[in-house]
Amino acid sequence: MRFEHYGNGIAKGMALTLKHLFRKPITTQYPEEKLTVSRRIRGNVLAWSQEKCIGCYTCAQSCPHGCIDIMTSEKGTKGLVPAPCSQSCPAHVDVPRYIRLITAGKPSEAVAVNREKIPFPSVCAYICAHPCEAACSRGQIDEPIAIRMLKRFAVDNDSGLWRKRSKIASPSGKRVAIIGSGPAGLTAAYYLTKLSGHLVTVFEALPEPGGMMRVGIPSYRLPRDILKAEIKEIENVGVKIEINTKVDSPQSLLGQGFSAVFVATGAHQTTEIGVAGEDDPRVLGGTDFLREVNLGKKIELGNRVAVIGGGNTAMDSARTALRLGAKEVTIVYRRTRAEMPASSEEIEAATEEGVKFLFLTAPSQITSSDRELELECLRMKLGAEDLSGRRRPEPIAGSEFTISLDNIISAIGQRPLVPASFNLATGQGDKIQVAPDTLVTNNKAIFAGGDAISGPATVIEAIAAGRQAAISIDKYLGGSGIIDETLTPPEQILDRLGGPIEGWRPKIDAIPHEKRLSSFSETELGWSKQSASEETQRCLRCDITYEVEKYQLRGGQCIYCGLCVEACPFDALFMGYSYERASYRLHEQLLSKEELLLPDKRQASGYAHPEVEETLPKQTLLIDRREYFTR
Amino acid sequence: MTVALPGKELAGKLEAQFPTSIVESSPASLIVKSEFLLRIARYLKATPGFDFDYLSSITAVDYGNYFELVYHLVSLEHNHSLVLKTRCYERDEPVVPSLFSLWQGADYQEREIYDLMGIRFDAHPNMKRIFLWDGFQGHPLRKDYSDDT
Amino acid sequence: MEIDKSYSYSDTELDRYEGGVIEALKATSGEAIPDPDEWLDEELSQNILLTTVDAVLNWARRSALWPVVCFPACCAFEFIAIAASRWDFSRFGMEVVRASPRQADLMITAGTLTWKMAPQVKRIYDQMAEPKWVIAMGACGISGGLFKGSYSVVPGYNRIVPVDVYIPGCPPRPETLLHGIMTLHKKIAKRSSMQEGK
Amino acid sequence: MTLKTEHFVLNLGPLHPSTHGVFRLRATLDGEVIVDIEPVIGYLHRGIEKLAEGCTYKQNIPFTDRLDYLASMSNNLPYVMAVEKLAEINVPERAEYLRVIMVELQRIVSHIIAVGTFVQDLGAFGTPLLYMFREREKILDLFEMVCGQRLTYNYMRFGGVSHDIPDEFLPALAKFVDRMPGFIDEYDQLLAENEILLARTKGVGILPKDLAINISASGPVLRASGVKWDIRKADPYSVYDRFEFDIPTGSISDAYDRYRVRIEEMRQCVRILRQAMEQLPKGKVLTEVPLKLRPPAGEVYAHIEAPKGELGFYLVSDNSDKPYRFHVRAPSLINLTALRQMLIGWKLADAIIVFGSIDICLGEVDR
Amino acid sequence: MAILSTNPNSFSQLAVLPPDWPGNFWLHWVVFTVIILAFVLNTALIFIWLERRALGRFQVRLGPNRVGPFGLLQPIADVLKLLTKEDMIPAKGDKLVFWLAPLVAFVPVLMIFAVIPFQSGALLADLNIGILYVVAISSVAAVGVFMAGWASNNKYSLIGAMRDVAMLISYEIPIVLSIVGVVLITGSLSLTEIVGAQRDIPFILLQPLGFLIFFIGSLAESNRTPFDLVEADSELVAGYHIEYSGMKFATLFLAEYAEVIAMSALMTTLFLGGWQGPLLPPIIWFLIKVFAVFLFIVWIRSTIPRMRIDQVMAFAWKFLLPLALINLLITSLQVVFWPEASPWLIVFLNLVAMVVLVLSWSRFFRLGGERIEV
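Chain order of the listed sequences is A, B, C, D and E.
Under my numbering, read the first sequence as residues 1 to 631, first letter to last.
Under my numbering, read the second sequence as residues 632 to 780, first letter to last.
Under my numbering, read the third sequence as residues 781 to 978, first letter to last.
Under my numbering, read the fourth sequence as residues 979 to 1345, first letter to last.
Under my numbering, read the fifth sequence as residues 1346 to 1719, first letter to last.
Bear in mind the hints are in silico, worked out from the structure with no lab data behind them.
The structure presented is a predicted model; accordingly, all values stated were derived computationally and were not measured.
Positions of the beta carbon are idealized from the N, C-alpha and C atoms, including for glycine.
Warning: the hint list may mix true and false statements.
Listed below are the simulated DSS-like cross-link pairs for lysine-lysine, each with C-alpha atoms no more than 30 Å apart in a straight line [stated by the list, open to error]:
(1) K1300(D) / K507(A)
(2) K298(A) / K327(A)
(3) K676(B) / K1206(D)
(4) K759(B) / K1028(D)
(5) K356(A) / K1063(D)
(6) K19(A) / K1180(D)
(7) K806(C) / K1028(D)
(8) K381(A) / K444(A)
(9) K1153(D) / K1180(D)
(10) K228(A) / K106(A)
(11) K34(A) / K1153(D)
(12) K806(C) / K1500(E)
(13) K515(A) / K356(A)
(14) K12(A) / K1180(D)
(15) K1028(D) / K664(B)
(16) K232(A) / K106(A)
(17) K1153(D) / K24(A)
(18) K639(B) / K676(B)
(19) K676(B) / K1063(D)
(20) K967(C) / K34(A)
(21) K759(B) / K774(B)
(22) K507(A) / K106(A)
(23) K246(A) / K327(A)
(24) K167(A) / K228(A)
(25) K1187(D) / K759(B)
(26) K12(A) / K1153(D)
(27) K1028(D) / K774(B)
(28) K507(A) / K664(B)
(29) K515(A) / K297(A)
(30) K1180(D) / K1500(E)
(31) K356(A) / K507(A)
(32) K1260(D) / K381(A)
(33) K774(B) / K644(B)
(34) K1437(E) / K902(C)
(35) K24(A) / K12(A)
(36) K515(A) / K228(A)
(37) K1262(D) / K1153(D)
Residues from chain C shown here face chain E by an in silico Cβ test under 7 Å; the list is partial [stated by the list, open to error]:
(38) T792
(39) R796
(40) S865
Just chain A, same shape as in the assembly (with noise of 0.2 Å):
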């Protein structure tokens, strides 16, 4: 017989209780006693940083519910320091400063402030890879400013300002041989010319100047006539560039009168699969094959194409294929859209004309018949990430299938290709060996840059490699090394001229894609003026900063959601706590301007600002929280 129910759980209960009366009580005798709050506190001060604030209002406007105001001076700026756009370029365009100029309607004067670093505006209008738009603080909020696209409207809106203010300097004597006429080449020619008033000669083995932006870029995005206009104007500025003439070897130049050679011949070698049957005819390299269609070449291709790989290479060929009248263009990547070094656009447009991609698909075998092509393939997972931060394909054992095709346009990478006969010491990926800061070889007279030396890069990358060479080179021939001019007035006034708007940016129209595929005619159309000057308006100008006067919470509102700290591009705000919050009056600024001003001590993971914690009392902090853990 089970007895229960006749009092037996309250006895339990009881029991209970008594075990806790003689316990420690866990209370924290506030305010004699105070817990230590977490180093992550999301708590009732939220400093502020005068010197990193910019006063952009991104912390205003991610306010849920809008309780930030912000009040810059009269006075206007405390200084210009360098923009994360400008920064992340690797000619160190002032990015900021040619957008202001677009605002004020001056686009001569914006290309005046492009030509200061590089040479070549418009063929960046066109096809730079803009670094300068990832790290735009714009990003972060929406869009990136479309610095790419605004550097096409001024472009396309030039009066050719800056040639009045360019000077050409005075002739040295001195006789410097370049070899190759690619963005670094023709960089390096043009300020050696222009700056150092060397006797420059340029050497290219091809018919056509131009280098990789003349044979490797599809002319649908870069329009001949523009490339040959830059040309020119390096020509213009004494550069003598002697096309068709392959150079044996650099040595040889510096015997016949050149005091320095810079080997700028780029990487043009494609990089083969590695898998049986590749050297059938049918199966192109992809620099080759672009090569040959910038060139003029006639290159019959059937109706189903395969282009291996994912970079702009890949689809350049993809899409020049389609323009030679392929039907079916596939591009097969082992990886998934996500890991595409193509520049995001590309992949928009290359998609958009209707070339199909095949992900997580790596090709293992080409066999070849009369008739066709069989590309055998297989699936890939991702697995864990490598060096690289993109994670590894891994084969799926025994998920082979074929594809039939007409061609197969191999493009998953370039390497340099230098010549024994040169004679220069080359490491990993067949890359000439030079000292990082001043490109020098293993020959003292000659010095390398460009794809030859990184292996497949952007122009703008080039361009910047030809300045550095351009400086080594001059200071090797005893100049001064100094390259750069003024071709812009500095700013007068800088105020906030508007501040940075909200929205999104303006449309890029571009021509229906089914016009595209019928010529090799650009695809892309630049801005309006209004467009463009719309998009300026966005900029948050961060090399500007301004000089905010106030910035307060207003009373009672801020419910520590920590969004405005998150969301601060610069780093300028940080909350904290305090135990001592409470006032008689509604409208007592909760937050003094002292306590906003504390001094800028970041952490790196979270909220808390050291500094708030050391203001408590120290006397105060007590009770570890850990201990409390432990009963």
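Given chain A, put chains B, C, D and E in place with the hints provided.
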């Protein structure tokens, strides 16, 4: 995993049962005419194979020229779900049939929609404001609502 | 067990009456009510002589502040947190949370106030016996906070009842709330019973 | 002879000590027996759905914190899940695990409060509630370590969580997970066999299985009625399919069963937490998305098993940076529908405990 | 017929004061009235402090500790504050009854102390029908409570007051029946003699079941947990005193605590041997026992929830009443048929009887709700 029944396939079956009742069907949802709503809901609830015994959620969206009512139906037995929709083009006195007689869970949700969106549910036993007070002007979740204070 | 499914209770008369009360209150509470005490300025207060009786009474009043139940929303759980063991406001003699406003001295407005709720809060305040105090707890209590722009939220309790102490936070941490209570203690200590007639 | 009695209307609330906020019951009583009852809600209606239409997607996360303010983490989750579904944002695996850890801790907090206030309403003078609040404070400490707040966390983000956990978090969590079963045993010792609690709750407020389903009840209320329906199992989201846990269900469908289901779920939470801690991978916790996210036009419904039931967010996007429609499927509101059916014929004192056993949060009911 | 010898002189040797102190009838009357008032008021204040501190410690927190040393001045601050608070009378209430109710509730409780011996002979009136007087007077307090509930013109307070009356009527019966057991053994209704009879063995051992019933009954009489339905704040907001504020509320509050003191004192007197005890002076023993009983009540309050009104009623009528009757039967049989038995044997037998009765009766007795068809 709850399987979302494709609206397109269902539309075929329902069309056979209730001709001209389907307005539109997409893979994710099924839009029916409001006069058929109650009948179709009863059919979906009672027919073996569907057995939608659980009305997960009701809501309404103001699309300007019409209101769309969204019903999330779930079958606990078969673990599948369906998004059933109906539209109401009337703006001044919108009325749709109430599903209270099938699922009592619709009670407060329909009252909520009446309160905030102003859609009246026919045959709901207690159709009155639930959140706001009697005498409140307008229905706040409508897109044209403006708080004049 | 069969349950009557018809809704017999719906009292539309009462609903209409209550709606009228809300609208009337809404129409008359456009402005914030100033502090009831005509709060002494800091410098003034040092010159005011408090009698011994005042001192004793004020001591008793601040030592036995019984809060009334008025916990509409989120802040209530920080209020319960200071009632719970870790912060324990019973140390200040406050754990006697009276559900009847007649017996309470302090209203801690822990949560968002909506217009539908406002008449009830006003009524509770009116039912409290003098002397009585109000603490506006949290952003919603002070100004409507996150919901300030809403069609149904009162922007701050001081539209409805006079508030003595404002505690910012969303919700305020328990220590901040305790500090607010101690701020109220200080306020009570400076009060003279001569003022009570008003 | 029959006694002639007269009905009278008693108004419970809206500021009544046991209404867990601002809830009102218009009860018609015959003596102390409830003849009819009408719940009146809306006293905390803040218009979140309307306000959310005027804020960007990210700015709405703090609003979700304040829906069910007892389970803010659980409210963050379905909202960010909905937006992620809409905008096709990937979530790193570590972030998924962190979300599960936070949501399960939050479930313990919510159930602690549910059970604590339920027993408080029964008239126990604070003791069970205060013992439970002791553990709640420990969990809040954990939350504070992670995101710096005690109640309104604002922790989840589209594409992950706002911060990785600090170094001291995992040891503290391990310690807590080790101790929590002991604490739950203490609650059982205090309550589970208490004769008065049994007498007050057994057989009280029965919600039959069919009615529970018909009334769209969810969460512990549905499970206490004997329906084995848990979205974590039925429609696994996040990484719930990688954990082993049971779904406790009730048999009599009364208030006591609902209390038991919550206590058992707390044990299951501890189980899930153990597994999640073991499996927690390394890596990043947030996929970067712009501040003003602009998801493609469309609609989405994402739901999770929140402590109080099925919490869903229905979003309509018109490809702007603000949601076109923002609807919350609030479990508290819908579970409340059952109240009338469960109360008629019971005593006034039962009204309080049946109401307590549903466990609603007015912030979520009224929104 | 008594089992124990009751010699009134044998136990008064330890008393500090002579039994007839202070002598003169009127002086006696005045002095003891003052003593009782002071005792009740002070003990009530100390009880309030003790309860809040003890509850705090049961709940692993501190309890009042700021106001005065150890928070000892807390109740004084409470009372001072309440006395100076605005006094409100509900507009629709019955003003006279509203005003009278606290007095009617408080005075009878105070009158109980007239017959409670603080030590031998130290009491206001050594009535030979003392226990009858107590039973009669203590019921009057309910009238005060009902007056308060009715005069407030509030539904909650009325429900609270109705519950109080219903509970009081139900629990008086088991209480009286359990006292009768004590009276049977003692053979006297005088409280002094009852205390005297417990010189060797306190009646808690001789009448364990009687004590249990009396204890539970007095919890209900004084509206303590788990029978605090009268002011159940989760249901009735504040019960019968919902409309009371200021001084009147203080009086009602005081009346409640005075009732607890009275019940503790009665329990001490009837079952715990009153003032008797070794070494310490009798008055100290008396206080120690009173406080011990009170702490036990606080302990119960800290642990268990409240019962429902119908369960409370059922408990009184279906559980306590039958057991009280059986207890009375057993006691009468023992007194009549076995007067010579060794008291320790009786103690053993009664303990066994209690355990058996409680265990078996709790198997019959089930509390559970059921729906009422409406």
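Review point. Which numbered hints turn out to be false for this structure?
Key: Checked against the structure, the hints that fail are numbers 8, 9, 23, 28, 33, 38, 39, while the rest are satisfied.
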